[in-house]
Amino acid sequence: MRFMVMVKASKETEAGVMPSEAMLTAMGQFNEEMVKAGVMQAGEGLHPSSKGARIRFTGKDVAVTDGPFPATGELVCGFWLIQTKSRDEAIAWMKRAPFDAGSELELRQVFEAEDFGDAFTPELREQEERLRAKAAKQ
Amino acid sequence: MRFMMLMIPKGYETAAPDVELDPARVTEMMKYNEALQQAGVLITLDGLHPPSVGARVSFEGGKPLVTDGPFAEAKEVLGGYWMIDVASRDEAIAWAKRCPASENEIIEIRQVQEMADFTPEVQEAAAGLDRLRTGSGRS
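Chains as they are written, first to last, in the numbering used here: chain A, 1 to 138; chain V, 1 to 139.
Isolated chain A, as found in the complex (with noise of 0.2 Å):
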């Protein structure tokens, strides 16, 4: 099973201020051990929304909104994309991580072609890998 770990973006980091030497080389230490385990597949950080947009589909306009975006409680500061074997796993991994107190994660099980069912015709799914496989040599 695949997750998305979102780190929820607070004060700080909607403020841009950068992590410290000590937090980064904590983190890079938890990073290689998720490795090690064959854990970790992807992982970034964000710059603040105050650099970002919003693209709001109304149905007939595409209305875009440059940052910052008021709901900090909803923003996000960065991901990691994780591979387990079950949701405690994910779940246990992430207790691990070395954030400061008052931080908060959001782990969300990511859709696999099977999890699509009749919807997923084989001509689609067949698109899909075809499309995944030329992307990640881009």
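By construction, these hints were calculated from the structure, which means they are not laboratory data. Some hints could be false.
Covered, in the sense of this in silico footprint (three residues per stretch, anywhere, with C-beta under 8 Å from a C-beta of chain V), are these stretches of chain A [claimed, not checked]:
#	region
1	10 to 16
2	54 to 62
Below 25 Å or equal to it, Euclidean Cα-Cα: the simulated DSS-like pairs (lysine-lysine) are [claimed, not checked]:
#	chain 1	residue 1	chain 2	residue 2
3	A	K51	V	K31
4	V	K97	V	K75
5	A	K60	V	K75
Derived, one-sided and incomplete: chain V residues facing chain A with beta-carbon distance under 8 Å [said to hold, decoys possible]:
#	residue
6	L21
7	A39
8	G40
9	G54
Heads up, the beta-carbon is just placed ideally off N, CA and C, and yes, glycines get one too.
With chain A held as given, fit chain V onto it using these hints.
Then chain V, alone, in the frame of chain A:
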């Protein structure tokens, strides 16, 4: 520049665990994904199960606390994402505008932090990140 396009479908915060997709919408979205790929822009993409089967880990007071979904206070949740590589923020926005999204959906564009964005001290502390990445391919 790498950007994440975060898909935020309104209503997904209360979606049932066995939420079903509309095949016609999947077909439309696949055309868009194909266009991203053909333009050499697409790095990766994924869809996420609803938050009702997700979990949150918070670190209040430094101790991990696990809360199972759904999350009553959530007003917006992620339904999926694309990671793209484009020449500018404007190009990322132009791609998001082309998405065959429904009226209840918002796409948030966020630039990915690259090594060059950090100070020399931070770059030093984060050294080895590329090595971790090359060792973290899908198994």
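**Prompt:** Keeping to a limit of 25 Å between CA atoms, is the pair of K60 of chain A and K75 of chain V held or broken?
**Reply:** 24 Å, holds
**Item:** Hint check, G40 of chain V versus chain A [nearest Cβ-Cβ separation less than 8 Å]
**Value:** 6 Å, holds
**Asked** Does the alpha-carbon distance linking K97 of chain V and K75 of chain V stay inside the 25 Å limit?
**Response** Status holds; Cα separation ~23 Å.
**Message:** So is the region 54 to 62 of chain A in contact with chain V by the C-beta rule, three or more residues under 8 Å, or is the coverage claim wrong?
**Reply:** holds (count 7)
**Message:** If you count the residues of the region 10 to 16 of chain A with a beta-carbon closer than 8 Å to a beta-carbon of chain V, do you get 3 or more?
**Reply:** Violated, because only 0 residues of the region 10 to 16 of chain A bring their Cβ atoms closer than 8 Å to Cβ atoms of chain V.
**Item:** Restraint check, 8 Å cut-off on beta carbons, for A39 of chain V near chain A
**Value:** Cβ of A39 of chain V sits 10 Å from chain A, so the hint is violated.
**Asked** Can G54 of chain V be said to touch chain A, with a Cβ gap under 8 Å?
**Response** 4 Å, holds
**Message:** Please verify whether K51 of chain A and K31 of chain V have alpha carbons no more than 25 Å apart.
**Reply:** 29 Å, violated
**Message:** L21 of chain V was flagged as interface toward chain A. Is the shortest Cβ-Cβ separation under 8 Å?
**Reply:** Given a least distance of 5 Å, the restraint on L21 of chain V holds.
In summary, the structure is inconsistent with hints 1, 3, 7 from the numbered list given earlier, while agreeing with the others.
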